[in-house]
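Asks: Given next are the chains, with one letter for each unit.
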Amino acid sequence: MKKSNQLVGLGFVIAFIAFVGISGLLFILALAKEPSVTYAYAGIVSCMLLMLVFSLAKKTSKTLKSYLNNAIAILIIIVIVYPLIAHNKSPELFPFLGGVSFKGYTTGIFILICINIVMATSLNFSTGFLGQLVLGHAGFMAIGAYTAALIANILFAAGLPIFFVIVLSLLAGGVLAALSGIIIGIPALRLRGDYLAIMTLAFAEIVRIIINNLNFTGGAQGLTGYASAQIMGLSKETFSLYVFFTMVICVAFLVLLARSRHGRAIISLRENEIAAESVGINSTKYKVTGFAISALVGGIGGGLFAFHMGFLQPSMFGFMKSVDILVMVVLGGMGSMTGSIVAAGVFTWLPELLRDFDEYRMVAYAVLLIVMMIVRPQGLLGVKEMSLSKMVRKIRAKLLKQSDGNLMEGGDE
Amino acid sequence: MAILEVKDLTVNFGGLVAVNNFKLNLEKNELVGLIGPNGAGKTTVFNLLTGNHEPTSGEILLDGKSIVKKKPYHIVDMGIGRTFQNIRLFGNLTVLDNIKIAHNGSMDYTFLDGILRLPKYWKEESEANKECLALLSVFDLDGYAYTLASNLPYGQQRKLEIARALATKPKVLLLDEPAAGMNPQETSELMETIQSVKSTFDIAILLIEHDMNLVMGICERIICIDYGKIIAEGLPDEIKKNPEVIKAYLGE
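In order, the protein sequences belong to chains A and B.
With the working numbering applied, the first sequence covers 36 to 448.
With the working numbering applied, the second sequence covers 62 to 313.
Just chain A, with the same shape it has in the complex (with noise of 0.2 angstroms):
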């Protein structure tokens, strides 16, 4: 009875301080002059305090929370980082900043950061999940991004809302990967390992030398003037929430999938794939659905780089990237969502912190993957996921035994 006492008040104590800082919130940005902004975020706040009130309280089924969890989580994201990117541009925004703002420069890292994690969660998805290795996942990255561009290009100037263009082109872009994954997948799925990885490798080059040698894509001269986020009139600001929201649906697809009846069957192939068609998995028809998957969301994160650089050219989708992104998975852990995430981000930030070292990046990996293979062979999280749910739950124990041990730090997945 004290403990469930306790545990009601210290969901006063938060929705309180919540209350206090939303309203100091809205107070400050009731003194920007951009009403839309306010009542924008307003709104944001509102739902956000609503979902609090729902997660916090008793009767709500456990599933539930942790859905509202992270909503709240994603939230919190945009209501801090955004404001940062924003404001760059338009100060007058967010008067209450004081100047404090990302430069476009790291807003642009901030859009690589998203769309590096399309890419290795994408590919954890066949690597780590499904347990196939691909050392081609730059050809799916590629066919997405000259797609999405092709078709953006011509959906642009059947005058389309920039929304639709950017969202059906990234869906083609995704589906047409989808489609050579299954292509190449049938074939290519009867090998196991080494070969696997050998015939995916010989994929990506294909699709590099195809791409090189067409007109239409510009040849290896490049493919530029299309319609990309700039040409279409898309700041960079408002372009990076776009490519976070995609990065958000992507990486929700992976997991709830992952957690659904098809993902277990595709989770048992990885471990054991005679036992898995004893029981009765169909083991051609998971082993290329999940590896069209990995495909389909690799194409659309292709398809986002696309938007993003305004030019393209096949040497970007050489073997190189298909290493970078496999070095992301490997690091994180494979099997780990989480672990993907949080190497991509690692490994975009920190080559361009050390700009001034570039030449030394690759010998770097190298170093770092053996330190790690010696180390930590399961990669930094194994297959361990991080659960918002979880955490608060421990966070909300450990307050109530009125020890202070280090809090760990909230992510967004």
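Please note that a few of the clues may not be correct.
[What the hints assert, rightly or not] Among the chain B residues that face chain A by a calculated CB cut under 10 angstroms, a handful are:
| id | residue |
| --- | --- |
| 1 | Phe-74 |
| 2 | Gly-75 |
| 3 | Val-78 |
| 4 | Gly-175 |
| 5 | Ala-189 |
Everything labelled a hint here was simulated from the structure, so no lab data went into it.
Since this is a predicted model, take the numbers as computed values, not measurements.
Ideal placement from N, C-alpha and C gives every residue a C-beta, glycine not left out.
With chain A held as given, fit chain B onto it using these hints.
Replies: Okay, now just chain B, sitting in the frame of chain A:
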């Protein structure tokens, strides 16, 4: 009518005749033992029955329907479940997930239901959870439901493999050396488990085993094979006294 009927089953691997004119009539709710020296072709018979190998000639009828040349996962759907001589669990997954994967065939929500978490997903997942936990409790494994399968003690892993095979709702269960590596106490527990599985789930069981206490103790009928051929068939007491079986397998 026999639930599993095998007629003149033969398989050649190159020049080697691994199984030669194997015959079997497994009645409903019958427990039959398959014994023989190492390399006699016992596991090959299992692999033929589950579709892992394709027979050179012969016919296998499950409930009157031929299962020859069908894929392993299709045969599972038709009603043959199996365990393996060397344990093959999904080690990095929880005990409950191991069972739920085998339960896959009983659920039919689509990709879309799963990704968008539509009502059908919740309904079927919670039903599956309930059924799988109930199945685990039959084997006293419900306390381990959220343990990783690879962290279970050896005897429990064997039990989990049987439970997983049962989760596919088979009509015939094939057990490949379920008592391998078990101590006498675990073996006697296993005997009780097999007996209770047979009566609770009302299925036919075909069992390969080298532990004669277990085979003689629970099997209603025993088939002994050597070099792929049936050399004796009958009640446990008859098999014990059969001179050919003694010569080829049991020893003086």
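Asks: Give a verdict on every hint.
Replies: Taking the hints in turn, this is what the structure says about them:
Residue-level restraint check for B:Phe-74 is violated (minimum Cβ-Cβ distance to chain A is 18 angstroms; threshold 10 angstroms). Interface hint at B:Gly-75: violated, since its Cβ lies 22 angstroms from the closest Cβ of chain A, which is beyond the 10 angstroms cut-off. Given hint, B:Val-78 at the interface with chain A, is violated; its Cβ is 24 angstroms from that chain's nearest Cβ, farther than 10 angstroms. For B:Gly-175, the shortest C-beta to C-beta distance to chain A is roughly 3 angstroms, which falls under 10 angstroms, so the interface hint holds.
For B:Ala-189, the shortest C-beta to C-beta distance to chain A is roughly 8 angstroms, which falls under 10 angstroms, so the interface hint holds.
In the structure shown, a violation is registered for the earlier hints numbered 1, 2, 3, in ascending order.
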